[in-house]
Amino acid sequence: MTARIDNALGSIFLYENVLADIAGISTIECYGLVGMAPKGSADGLVELLKREHLSKGVKVYMEEGKLVIDLYIVVEFGTKISAVAQNIIDKVKYSVETMTGMEVKKVNVNVKGVRV
Amino acid sequence: MNNIISIDGTTLKWMFINAANTLDNKREIIDSLNVFPVPDGDTGTNMSLTMFSAVQELQRLKKEEVGDVVEAIANGLLMGARGNSGVILSQLFRGFATKLKNFKEVDTPAFAMALAEGVETAYKAVMKPTEGTILTVARETAQKANEVCKKVSQFDEFLEQILKQSMATLEKTPQMLKVLAQAGVVDAGGKGFVYILLGFLNAIRGEEIVINGEDALKLPSEGMVEDVDDHSDMQFPYCTEFIIKNPAGSAQQLKEAYQGLGDCTLVVGDERVIKVHIHTNQPGRVLEEGLKLGELSRIKIENMKEQHRSTIESEIEQKEFGIISVVMGDGFMDLFKDLGVDAIIPGGQTMNPSTQDIVKAVEALRAKNIFILPNNGNVILSANQAGELTDKNVFVVPTKSMPQGISAMLAFNSMRSADDNYSDMKKAIENVKTGQVTYAVRDSVFDGIEMQEGDIIGIAEGKIYNKGEDVDQVALELVSALAEDGGDVITIFYGEQVSKEQAESLGDKLGDIMPDCEIEVHYGGQPVYYYLVSVE
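Protein sequence lines correspond, in order, to chains A and X.
Residue numbering for the first sequence follows my numbering, starting at 143 and increasing by one per position.
Residue numbering for the second sequence follows my numbering, starting at 9 and increasing by one per position.
Treat the hints with care, as some may be off.
[To be verified] DSBU-like mimics (lysine-lysine), calculated; alpha carbons at most 35 Å apart, straight line:
id: 1; chain 1: X; residue 1: K283; chain 2: A; residue 2: K248
id: 2; chain 1: X; residue 1: K186; chain 2: A; residue 2: K208
id: 3; chain 1: A; residue 1: K235; chain 2: X; residue 2: K136
id: 4; chain 1: A; residue 1: K235; chain 2: X; residue 2: K132
id: 5; chain 1: X; residue 1: K132; chain 2: A; residue 2: K198
id: 6; chain 1: A; residue 1: K181; chain 2: X; residue 2: K112
id: 7; chain 1: A; residue 1: K235; chain 2: X; residue 2: K313
id: 8; chain 1: X; residue 1: K112; chain 2: X; residue 2: K158
id: 9; chain 1: A; residue 1: K235; chain 2: X; residue 2: K283
id: 10; chain 1: A; residue 1: K208; chain 2: X; residue 2: K283
id: 11; chain 1: A; residue 1: K235; chain 2: X; residue 2: K345
id: 12; chain 1: A; residue 1: K235; chain 2: X; residue 2: K180
Think of the hints as simulated: they come from the structure by calculation, not from any bench.
Please work from the sequences and hints to get the whole structure.
In structure tokens form, the structure reads like this:
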């Protein structure tokens, strides 16, 4: 997926990996989160992604011309997960919208693990 | 000095409740500092709500052993955590609680150890800790506590010392986190942490001193970062920033010199460099004081009022033309906007805008040539005055009614010169005859016509032409008279008292009487006048 912003002088193309990196980096700045998990691992085997592979835990796509961001994360045991997730949603929406100028329709947080 | 060297569960509970209250009192200040991670101004509120969730838990306690109290605090904070700083608080106290749960009495070394454990727990729960936040403030405070507890066993002194450390660290947060420095604030969550410690200290002192909330808060004030508020009131509009290299004095000295010169003052640094940030009315004096200490570098002075204004307008280049119109009625507002008017001043008959209102609108418009459409005989004078009061190139098109204003707008052509447009617009309104249908507000005789209150009257070109009891009948007569000497287009703007159907049926009737004319009916939404009519 490539996001596109047009103006009179030309177009700006934002590739999915760019959007995913922005979302991923914003996510790991959030408190309570200890890692990203690869979005594919459905079998419960969750490995914490290294920094450079952050975008594997992020999926970005368009819906009705707006961005939807799915995040796959691991949180610290003993944190209030709902609050942590809410903070992530706020932060990612804010960062992506201010940096790219695109509207974020939804941020879905998938908690794939809890680190004890 | 009182001599508390150990605290029990009941005291701990009271300390915590006191901390929650202190925080809540300062909630708005903390909110206003909130710029990171998302500048949504809710840190204070979130922290306070998180704390109160723990207070509720504490109030439910039946036993008040240390273990019960810390567990209640940890659980309450966990369940009530809101926002980033709320979650961080919950982690800090979770660590704090695990260390203390088996204690009967807590002395200063135990308290310091618990703080350190809290910090460790808090740091564990984040992948990439951001320095310059509550985490940093808590960490340095815990380190200080570890040193102090070896020498100091009295709780009041112990807390006072670590409180000072927390304030010192808080002052440094803008150096660690760029967004804070840019906004000229200290970290909001960190400030909240300072207030919590302050609450603890007050509680310990409160056993000796009767609690006198506000006074107690001021006790350890030296070194405390002044409350920084947002820029909305702009008492000190010049944001002045610079760096002094190899200063011949201390930051503290300079800070004292800046007393009373402004707000949001931030003077930080070491022997090598001092950074100054201040919002002031006297940027010159601020620079001079700095010069006394050494060479200045990276000087930046900005007028925040201008910045504030230009945030909205920054993308709009100075345009060739700007048009301001005085308008009454929502329908007319839309019509004028659709025609390309840049700014609208609400007003008209019975509520004439002042010269000042017009000057303000002119000043706010970023355009080289500004046209003003007063749309009312009484406003033309104020518009002329306004034109003289500003140094912008202002043209007042003497429109006496909104329909005339519309005609003037239709004559406007952005491709032509300002002078050409001015003469075109004036010509356009000469060809427009306007009529108004309204009601008499009191019994009177005017232009030879006797009226009773409530009579419907028709006004043609500023003179009363006819009167009657039926709005549509008066309107019909009036329009017929206006169109007598010829006219191709008749436009009817119906006001807020008239329904769309009624206006359209009037249009149909006129069409029957004058089949050669083109008749348009628009919603004007104006008060007072049932109909405004233009004939061209």
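Evaluated hints:
no., hint, result
1, X:K283 <-> A:K248, "41 Å, violated"
2, X:K186 <-> A:K208, "30 Å, holds"
3, A:K235 <-> X:K136, "19 Å, holds"
4, A:K235 <-> X:K132, "25 Å, holds"
5, X:K132 <-> A:K198, "23 Å, holds"
6, A:K181 <-> X:K112, "48 Å, violated"
7, A:K235 <-> X:K313, "29 Å, holds"
8, X:K112 <-> X:K158, "20 Å, holds"
9, A:K235 <-> X:K283, "33 Å, holds"
10, A:K208 <-> X:K283, "43 Å, violated"
11, A:K235 <-> X:K345, "33 Å, holds"
12, A:K235 <-> X:K180, "29 Å, holds"
Taken one by one, the earlier hints fail for this structure at numbers 1, 6 and 10, listed in ascending order.
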